[in-house]
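Chains Z and C supply the protein sequences, listed in that same order. The numbering used here puts the first residue of the first sequence at 23, with every later residue one more than the last. The numbering used here puts the first residue of the second sequence at -13, with every later residue one more than the last.
Hints in this document: simulated from the structure, not taken from any laboratory. Every value quoted in this text rests on a predicted model; they were computed, and no experiment measured them. Be aware that a few hints might be false.
[What the hints assert, rightly or not] Listed below are the simulated SDA-like cross-link pairs for lysine to any residue, each with C-alpha atoms no more than 20 angstroms apart in a straight line:
| hint | chain 1 | residue 1 | chain 2 | residue 2 |
| --- | --- | --- | --- | --- |
| 1 | C | 212 | C | 180 |
| 2 | C | 312 | Z | 85 |
| 3 | Z | 54 | C | 6 |
| 4 | Z | 54 | C | 180 |
| 5 | C | 313 | Z | 57 |
| 6 | C | 313 | Z | 109 |
Here are the chains, one letter per residue:
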Amino acid sequence: MLPDDRKYSKEHEWIQVDGDNGTIGITDFAQKELGDVVYVELPEVGAAVASMEVFGNIESVKAVSELFSPVSGEVVKINDKVVDAPELVNADPHGDAWLIVLKLSDASQLDGLMSAAQYQEYIDKEGKD
Amino acid sequence: MSDTESLPKRTSLYPLHKELGARLVDFAGWEMPVDFGGVVEEHLNVRSHAGLFDVSHMGEFLVEGKDAEVVIQGLTPNDVSRLADGQAHYSALTSETGCFIDDILVYRRAENRYLIVVNASNIDKDFAWIESRAEGEVELTNASDDYALMAVQGPRAQAILAPLTDVDLAAMKYYRFADGEVLGEKAIVSRTGYTGEDGFEVMVASELGEKIARGLLDKGAAQGLKPVGLAARDTLRLEAKMALYGNDIDDEHTVLEADLGWIVKWKKGEFVGRDALAKQKEQGAPRKLVGFEMVDRGIARHGYPAFVDGRSTGLVTSGSFAPYLKKNIGLVYLPADTCQEGTEFEVEIRGRRAAARVVPTPFYKREK
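Only chain Z is shown next, with the shape it has when bound in the complex (with noise of 0.2 angstroms):
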């Protein structure tokens, strides 16, 4: 079941909110995509990310995939433990492999994202595409 205390993109992140921040994820059905995940590439704090733009990078043995950002803002925090052990993406995606914290500059992007049985949905379909 997937948490439906945040909202998900079609990139396959999530990002939960609390107050002016949001912390981002990538999903569980990204992690299985993935494969391993063997590298993680974060942006420093401080570095500003804009919607639907790259804000990193992960790596599973086979391949490179960039990270998109679901909302625009601020980075206030990176998740070093993620850094340091990347199996943790495939190990608790929704949990303790949350990737940034962002102070959000623009909270209405958050309208265009899915709800949680909405994302379900949504790749539901790609499952059988």
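Got chain Z; can you put chain C on it based on the hints?
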């Protein structure tokens, strides 16, 4: 490209791959399992127990007849005349420039009866090349579709396979092979592989491939035998620094530059590319394939540019996270004067330069 070429081919193990939940990809025109759910786990299981690989996509040629030895001798740098019956060696099909048309295994079945195993992506090219150069009394057969080829690799390989075959595996040395039975079916069993582990390859009639694979997995399960996909095959061979055609070796780098000079037997006489290689040996190869480890964070992958003292020197040929060594490793051609162990250079990873260091190879060597 014709329609028939764009449809991927399937090995006889395809139904089994599907059943085992393999992620399938197009590889050299074949629909092959890239993994069975976990590349790292598959890799580690081969190092600790054993893995079963479907390598039926590889090509098999028969070269037979009075002049078979002469023909192979003229096309390859290794010395076929040194092979005994039931012995194989690693070699190459070399071009006039001393580069690789392909890297191959040559098996001597009997006097003037040879089996050559080639890369899947090069089957047509290799066969046409051998045909164009074969003179005298020799019969060439492209038997690639007639065989299923499976590899059982890992420290438990012998224990797994021995009870299932009448071939005396304990007595079989590395790079030897024998005809016999596996699970009651006619097979050729060789002590060869592409993982850096002990292990065997089993060749059977292609229609028997699925049955034999199922039998091996079933009987080997208690010893930890599990299926392995192409992704782990690639990381295993890279840790063992075994070259991959199309990545590390190709028609633009010579056998000497690829650090495979040991397959050139200078006393054997003429072969295609000999003059070019002899000249390069005398003058010294200008560049050499070396192994490296990343010093900075990041994974240097195939095709990423390398820089020595800020100057671009070529591209990384293979690069990956190494699951057993837990390091980011790779292979790259560097200028001969910068190939010494410990030399630092840089790899450009998505626009950022990251430091790497030349290290001794193989990266991984099993304990014997």
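Evaluated hints:
{"no.": "1", "hint": "C:212 x C:180", "in the structure": "holds (16 angstroms)"}
{"no.": "2", "hint": "C:312 x Z:85", "in the structure": "holds (17 angstroms)"}
{"no.": "3", "hint": "Z:54 x C:6", "in the structure": "holds (16 angstroms)"}
{"no.": "4", "hint": "Z:54 x C:180", "in the structure": "violated (28 angstroms)"}
{"no.": "5", "hint": "C:313 x Z:57", "in the structure": "holds (18 angstroms)"}
{"no.": "6", "hint": "C:313 x Z:109", "in the structure": "holds (14 angstroms)"}
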